[in-house]
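Visitor: The primary structure of each chain is shown beneath.
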Amino acid sequence: MATPASVVGQEHPTDPHAHGHVTNTGLSNEKLAMWAFLGSECLLFGALISAFFLYRGKSQSGPTAEDVYDIPFTSVSSFVLLMSSLTMVLALSAIQRGDHRRLRVWLMATALLGASFIAGQVYEFTTFIREGLTIKTNLFGSSFFVLTGFHGVHVTLGVVMLLSLWNLSLRGRLGQEKAEVIEIAGLYWHFVDVVWILIFTVIYLIPE
Amino acid sequence: MTTVLEPIITPEQSPVADEPGLLRRPVNPKGVWSWMTSVDHKRVGVLYGVTAFVFFLIGGMEALLIRLQLAKPNGTILSAEAYNQLFTMHGTTMVFLVIMPMSAAFFNYLVPLQIGARDVAFPRLNAFSYWLFLFGGIFIYSSFFLGGAPNGGWFGYAPNTSITFSPGHNIDFWVFGLQLLGIASTVGAINLIVTMLNMRAPGMTLMRMPLFTWMTLVSSFLILFAMPVITVALFLLMFDRNFGSHFFDPVFGGDPLLWQHLFWLFGHPEVYILILPAMGMVSEILPVFARKPLFGYPVIVFSGIAIGFMGWGVWVHHMFSTGLGPVATSAFSISTMFIAVPTGVKIFNWIATIWRGSIKFTTAMLFAMGFIAMFTIGGLSGVTHSISPHDRQQTDTYYVVAHFHYVLFGGALFGIMGGIYYWWPKFFGNLLNERLGKWNFWTWLVGFNLTFAPMHIIGLQGMPRRVYTYDESLGVAALNMASTVGSFVIAGSVLIFMYNVWYSQKKRRVVAGNDPWDGRTLEWTIPSPTPHYNFAEIPTVTSVDDFWHKKYEEDDKGRMVRRASTEMAVAETRTGVDEAPVDDAHVSEVHAEEDHDRDGHDDGHGIHLPSPSYFPILAALSLPVMSYGMLYGSDGGQNYLIAVLGGIILFAALYGWGMEPSAEPEEPEPPARDERAPALVGGPSDAAALGSGGDDRAATSDATDAPSGQGSS
Chain G
1415 MATPASVVGQ EHPTDPHAHG HVTNTGLSNE KLAMWAFLGS ECLLFGALIS AFFLYRGKSQ
1475 SGPTAEDVYD IPFTSVSSFV LLMSSLTMVL ALSAIQRGDH RRLRVWLMAT ALLGASFIAG
1535 QVYEFTTFIR EGLTIKTNLF GSSFFVLTGF HGVHVTLGVV MLLSLWNLSL RGRLGQEKAE
1595 VIEIAGLYWH FVDVVWILIF TVIYLIPE
Chain C
150 MTTVLEPIIT PEQSPVADEP GLLRRPVNPK GVWSWMTSVD HKRVGVLYGV TAFVFFLIGG
210 MEALLIRLQL AKPNGTILSA EAYNQLFTMH GTTMVFLVIM PMSAAFFNYL VPLQIGARDV
270 AFPRLNAFSY WLFLFGGIFI YSSFFLGGAP NGGWFGYAPN TSITFSPGHN IDFWVFGLQL
330 LGIASTVGAI NLIVTMLNMR APGMTLMRMP LFTWMTLVSS FLILFAMPVI TVALFLLMFD
390 RNFGSHFFDP VFGGDPLLWQ HLFWLFGHPE VYILILPAMG MVSEILPVFA RKPLFGYPVI
450 VFSGIAIGFM GWGVWVHHMF STGLGPVATS AFSISTMFIA VPTGVKIFNW IATIWRGSIK
510 FTTAMLFAMG FIAMFTIGGL SGVTHSISPH DRQQTDTYYV VAHFHYVLFG GALFGIMGGI
570 YYWWPKFFGN LLNERLGKWN FWTWLVGFNL TFAPMHIIGL QGMPRRVYTY DESLGVAALN
630 MASTVGSFVI AGSVLIFMYN VWYSQKKRRV VAGNDPWDGR TLEWTIPSPT PHYNFAEIPT
690 VTSVDDFWHK KYEEDDKGRM VRRASTEMAV AETRTGVDEA PVDDAHVSEV HAEEDHDRDG
750 HDDGHGIHLP SPSYFPILAA LSLPVMSYGM LYGSDGGQNY LIAVLGGIIL FAALYGWGME
810 PSAEPEEPEP PARDERAPAL VGGPSDAAAL GSGGDDRAAT SDATDAPSGQ GSS
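Protein sequences appear in the order of chains G and C. To convert, note that position 12 of the first sequence is 1426 in our numbering; the numbers rise steadily by one, no gaps. To convert, note that position 325 of the second sequence is 474 in our numbering; the numbers rise steadily by one, no gaps.
In isolation and in its complexed conformation, chain C is listed as follows:
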């Protein structure tokens, strides 16, 4: 039992002597190293968020350059080639390097908190996902310095992207970079799915999960099944480009439609991967600030699931102009109209949620309501695309650009901004300034509409997208200028947001406390910022919005009345928990100490958390090495030495990873957790203890007899 009782990592502790592998386990790393080796889901989440925000700034600057070029007819700021690279990178960045990882930041940080867990199922895999995302992003962006960025659009239509029409490495960077990001997303999705299905707190049934967690689950499944499809498409393109196969080569009978089918079979679920997390965030924010339960919780859950399923049956509406024939076109027209139904159901549910609520117009609430309005506009223009004749008229015009920016910016980014304002106190312990926040919101809303609303008309007037300039005779110069002005208003709004972050962190810090918004879900029961171990005790859940019901109840006349203070309600989530592993004496100790325990890896309470590790970052680093090796290997006589080197690093890293225990024990062979193997445990009493109460060593206290059994192994 002793190993269990010891605090797990102490500065004096040396790594296990016979630990195989290349690298000794990092012991109590500091500063940058502590972030690079961290496997804490909260740190990984913060890293995801910060990195995605940096990519957001880069992608935003690309958009500004595009808008400057289009501000006037026959613009000369960008060449056609530079324009191609910028719109390709803008799309690729915003989809793969901003919205997906920004959602992943919230997934990682919040899902364990919302389901009452101490970490994700595979903490090191989680770190691996993040590092691979970062390195994949850097890999794609390195193309700017290595001969030119990808220039075939974010959809990369073959055979335009084949070696015949796109010689040079531009497209190769895109192909390999997206493979890396795909691996990162898939691994992350598996991790989250397992976490949500397996690690919910007692009483947290699926139908009691917060909506954000539900939407995370749906979009994780979409990632899981959509990513392999684009993986195959990219592999086929890679073989075409680097090894001379003919999948997309019409000369040999290859079919360009194969690429489009594969890409959009991934691409349409991807749209829902981008929007569902934001829908989840909005579904969390609205009830809190309307001070009403979410209207029709099960209906919203099921319409989210319905969207997840139906998202697989509509991809051909991206291909109406390819001439697939009337039957396919009609079928996909109808399915596309149908998918608007669950989305519409959600919109009505959200409206019903705020209907007659006592609404608090916080910045988060404004963004959430902005989401409903803007996303509805985007959804409606989406329905117009389901009408195939109309769609054929609008294909490849700015009308399409207007539509998908209304769903991705007006939808996903509004939701994410709302989420940032809402959960910021939980992440960092202080509130963002509300006055600046309102400036942020209104400039964001006005700038967004000024930028993208004119594009509907620009498109209907016939201006094609992906073309680097236009002539004055098209008659859209004034609208384009308005759009460019709008894009700079958005840029100003982003600056206000950044100023707000600086102001609220450094200048005027307003400490949030556990529950600044009078929240409804489990993450608000724990301190802000979240302590390293999340929950001192694993909570027990009895209903949807469990925390709320512990604070409020209805009186005889159906009015809402307080039944307990927040502190009492927090205490109540901790009582009656048979599985709660920390004994009472220890709980008070935890409370006493939790304030000065925020940034070490040592949890200090004997709550056994996963230890930091070098291997995730090393494994993630090996994959770009392989990619560079493959990319340049095909140049001169198929020399794949560097790729092989990358493969060896990967193998070594994974081997070291496999040999390294997730959480460092005190002794080489940890006591078996399985009753079948008592022989491995030091003594009979230890075996008995393990068999009964010790089954969750995560939480066993370090209060007592720590030194007594050190030698038992």
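Next comes chain G alone, as it looks inside the complex:
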């Protein structure tokens, strides 16, 4: 839980060991830590997706997936989330060039795209609940809300992280030499996107 924020809070460059100059692997400590954390996250989502798979088609009462899914709507919000990976890359490229204005533009764009995805998810959840599917209804409800909710929390933390970075940049505390902070935040963001591709494919697109 702590890690997204510790991305914001990079160990400072004055940390004697922090920056990529003499590490054995050539990766900075922060980047290596983020990769390790993402490895751990793989198992987290892997276990959740497995639980979802175990209960596919096992619900004893409706409504189930085909009753509630609105594939076109979710496709659009998935597209929105995937586009945010592009803006994230543009943000990184901007800070590497020292273009702080564009950095903030793209950071804010990424955060807004992420927030739109979350808004879409909130809309989707409320629609499902209105149609009679809650976490208590059946196995599908339990596993659907927990899995997508977990992903939603990850995106939300990512948005908070991006807004914090935007704020830092605005106050001039995110110089060009800290481009790696953006890169590491981007690693997290892209990971969350990739996980969504997996979730979208296996729980929305593959029929039961």
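Since the hints were derived computationally from the structure, they do not count as laboratory data. Idealized CB from N, CA, C, for every residue including glycine. It is possible that some hints are incorrect.
[As the list claims (entries may be wrong)] As a list, the in silico EDC-like pairs of lysine to aspartate or glutamate whose alpha-carbon atoms are at most 20 angstroms apart:
{"id": "1", "chain 1": "C", "residue 1": "Lys441", "chain 2": "C", "residue 2": "Glu702"}
{"id": "2", "chain 1": "G", "residue 1": "Lys1550", "chain 2": "C", "residue 2": "Asp398"}
{"id": "3", "chain 1": "G", "residue 1": "Lys1472", "chain 2": "C", "residue 2": "Asp398"}
{"id": "4", "chain 1": "G", "residue 1": "Lys1472", "chain 2": "C", "residue 2": "Asp404"}
{"id": "5", "chain 1": "C", "residue 1": "Lys441", "chain 2": "C", "residue 2": "Asp667"}
{"id": "6", "chain 1": "G", "residue 1": "Lys1445", "chain 2": "G", "residue 2": "Glu1455"}
{"id": "7", "chain 1": "G", "residue 1": "Lys1550", "chain 2": "C", "residue 2": "Asp784"}
{"id": "8", "chain 1": "C", "residue 1": "Lys441", "chain 2": "C", "residue 2": "Asp704"}
{"id": "9", "chain 1": "G", "residue 1": "Lys1445", "chain 2": "G", "residue 2": "Glu1597"}
{"id": "10", "chain 1": "C", "residue 1": "Lys655", "chain 2": "C", "residue 2": "Glu721"}
{"id": "11", "chain 1": "G", "residue 1": "Lys1550", "chain 2": "G", "residue 2": "Glu1597"}
{"id": "12", "chain 1": "C", "residue 1": "Lys221", "chain 2": "C", "residue 2": "Glu621"}
{"id": "13", "chain 1": "C", "residue 1": "Lys656", "chain 2": "C", "residue 2": "Glu583"}
{"id": "14", "chain 1": "G", "residue 1": "Lys1550", "chain 2": "C", "residue 2": "Asp404"}
{"id": "15", "chain 1": "C", "residue 1": "Lys509", "chain 2": "C", "residue 2": "Asp694"}
[As the list claims (entries may be wrong)] Across the chosen pairs, the derived CB separations fall in these ranges:
{"id": "16", "chain 1": "C", "residue 1": "Phe637", "chain 2": "G", "residue 2": "Gly1440", "range": "35 to 43 angstroms"}
{"id": "17", "chain 1": "G", "residue 1": "Ser1489", "chain 2": "C", "residue 2": "Gly472", "range": "38 to 46 angstroms"}
{"id": "18", "chain 1": "C", "residue 1": "Met717", "chain 2": "G", "residue 2": "Gly1512", "range": "31 to 39 angstroms"}
{"id": "19", "chain 1": "C", "residue 1": "Asn788", "chain 2": "G", "residue 2": "Arg1511", "range": "45 to 53 angstroms"}
{"id": "20", "chain 1": "G", "residue 1": "Phe1487", "chain 2": "C", "residue 2": "Phe487", "range": "45 to 53 angstroms"}
{"id": "21", "chain 1": "C", "residue 1": "Ala480", "chain 2": "G", "residue 2": "Val1536", "range": "41 to 49 angstroms"}
{"id": "22", "chain 1": "G", "residue 1": "Arg1515", "chain 2": "C", "residue 2": "Gly352", "range": "45 to 53 angstroms"}
Fit chain C to the given chain G structure using the hints.
Guide: What follows is chain C alone, placed relative to chain G:
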């Protein structure tokens, strides 16, 4: 350059004026505060060790109560409910609050020393791990005063632990408490992995790392990948209990096996998380006291890695009696037999290490040899479990209890005790008394075997575990009495150990010096106790057992002869180090001063160490607040105000953490370390200096022109 040259923290220095966040940086804290805000890996390690030992005493008392209840048939000391709580808490405590953090104590203290680093990669994250472990432990134990402790076993099988069968908050404390401990372990593992992969001294290639460090690396990876699995299991259980989902609810088609799969997919790697560090310690102790190199170093490394991989493929042997069908059962039977191979390889390597060595039977060595013998017995009874028909006969009997105590107590705790005796001088500067140590060892060995060996037979006779009493007609009364007597012998042994600690610290202090055991690894090249900055100069390593080879060599006939005194060998680790950042004049200064420099945060030598911080402990404190909020929030109408409050504290703490530099500079904006941004540096000369020699400000001397450039920013 000036900022680099200044001693970093002085009493007069005030925190940077425009530092954002809630709390000013602690400046030169004293006493308790200095421990609470410390980010020094050695202090964190000591805190881990002391806390884990306290939990060990608590878990041990729980075990004694269990044994008293079982001493005679139809015991009446404990009620069934109290018994359930005690065996659950005994298991949970010993696994999560004793062996794991006790290993973490050694990880934290020793890994940076063994790889020649000045701290771990993320010192504040390290402190955070410790505080979260402490608060998580207190959180679970607070259940005793808040309506009853967890009572569903350390494995917490759902749906027995679901709200239907376990109303009340007992299980909630377990669920949230383990989540907290899981976060603490994962964060710690990431920190250690980065430290070991990134911060090794020059020449310290992976295949030159000491075995203890290697086993730390393997078990850190296991923690990294195993913890999220139990995190998911616990989350699903939490949603079932607090939010009405149906993951483990058979009424709605939920599958109880899901819990078992998730739990044991975590649980079996966990077994290796518990034992690998002890294997590492034993692999350090044996060669030192046999005065021979470790037999087959690469083989031991690779068998450790093999155990790490194969540990993921055997979890179903915990579930043979659940009826998974012949194919799954056969496959996991075979994989379980296979995992005995790398373990057996290690055992033979250890035996070959002491074979024909000139053995010194110190207490540490006795514990290490006790480890080999006891762990082998536990390993063999483990192999009997891989035979599925046999396993189905023994499932849920005391035979299983005997088995895992032989590996966890006979294995992990023997190794840890050996490690304590071996590294105590490095931690505290004085040796533990050997005479008392031998009493400690022999009572420990006898008490352990008296307690757990009879359980093999008790189990084979059919006495089920987790049941609070038994009838005389079962015919195991005498063996149970023997077992209870044995448990009190162990308790006596623990008292001897505590007396030894008191005696050796207060009564008769024997100062150890750098290298009391004629050691082989880097931690013995530095003073005892370790100075704040660990290494005055970062050493250069040329081989496995580098320090040993600087002390000894073989003559023409293959005999071992001294080639240099310990002092000369220590000096040799410091020579020829281009990266060694401290200049010569400064080195002598360091040596002159290092004696009266043990307990301040001011390293005093311009070696730039991370500064203390309030934020790790604050962030760690917010998580139990959230947990209490979640736990009681579901009681009356889903009111999660306290949980939200905890979340706000967490956010604020992490934000303050993020804004606070790891090590306090003199000026708000530290000079950029990156050549691309010279504009931030005060003057051109500074930029040049930074670009070349100044890249490790960790070590730049404070000898000269400190005041000249104060204003540059």
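Visitor: All hints are to be evaluated individually against the structure, with a verdict given for each.
Guide: A quick look at each hint next to the structure:
| no. | hint | result |
| --- | --- | --- |
| 1 | C:Lys441 <-> C:Glu702 | holds (12 angstroms) |
| 2 | G:Lys1550 <-> C:Asp398 | holds (11 angstroms) |
| 3 | G:Lys1472 <-> C:Asp398 | holds (12 angstroms) |
| 4 | G:Lys1472 <-> C:Asp404 | holds (10 angstroms) |
| 5 | C:Lys441 <-> C:Asp667 | holds (12 angstroms) |
| 6 | G:Lys1445 <-> G:Glu1455 | holds (15 angstroms) |
| 7 | G:Lys1550 <-> C:Asp784 | holds (17 angstroms) |
| 8 | C:Lys441 <-> C:Asp704 | holds (15 angstroms) |
| 9 | G:Lys1445 <-> G:Glu1597 | holds (8 angstroms) |
| 10 | C:Lys655 <-> C:Glu721 | violated (35 angstroms) |
| 11 | G:Lys1550 <-> G:Glu1597 | violated (40 angstroms) |
| 12 | C:Lys221 <-> C:Glu621 | holds (8 angstroms) |
| 13 | C:Lys656 <-> C:Glu583 | holds (14 angstroms) |
| 14 | G:Lys1550 <-> C:Asp404 | holds (16 angstroms) |
| 15 | C:Lys509 <-> C:Asp694 | holds (19 angstroms) |
| 16 | C:Phe637 <-> G:Gly1440: 35 to 43 angstroms | violated (56 angstroms) |
| 17 | G:Ser1489 <-> C:Gly472: 38 to 46 angstroms | holds (42 angstroms) |
| 18 | C:Met717 <-> G:Gly1512: 31 to 39 angstroms | violated (52 angstroms) |
| 19 | C:Asn788 <-> G:Arg1511: 45 to 53 angstroms | holds (50 angstroms) |
| 20 | G:Phe1487 <-> C:Phe487: 45 to 53 angstroms | holds (50 angstroms) |
| 21 | C:Ala480 <-> G:Val1536: 41 to 49 angstroms | holds (44 angstroms) |
| 22 | G:Arg1515 <-> C:Gly352: 45 to 53 angstroms | holds (46 angstroms) |
Checked against the numbered hints above, the structure breaks hints 10, 11, 16 and 18 and satisfies the rest.
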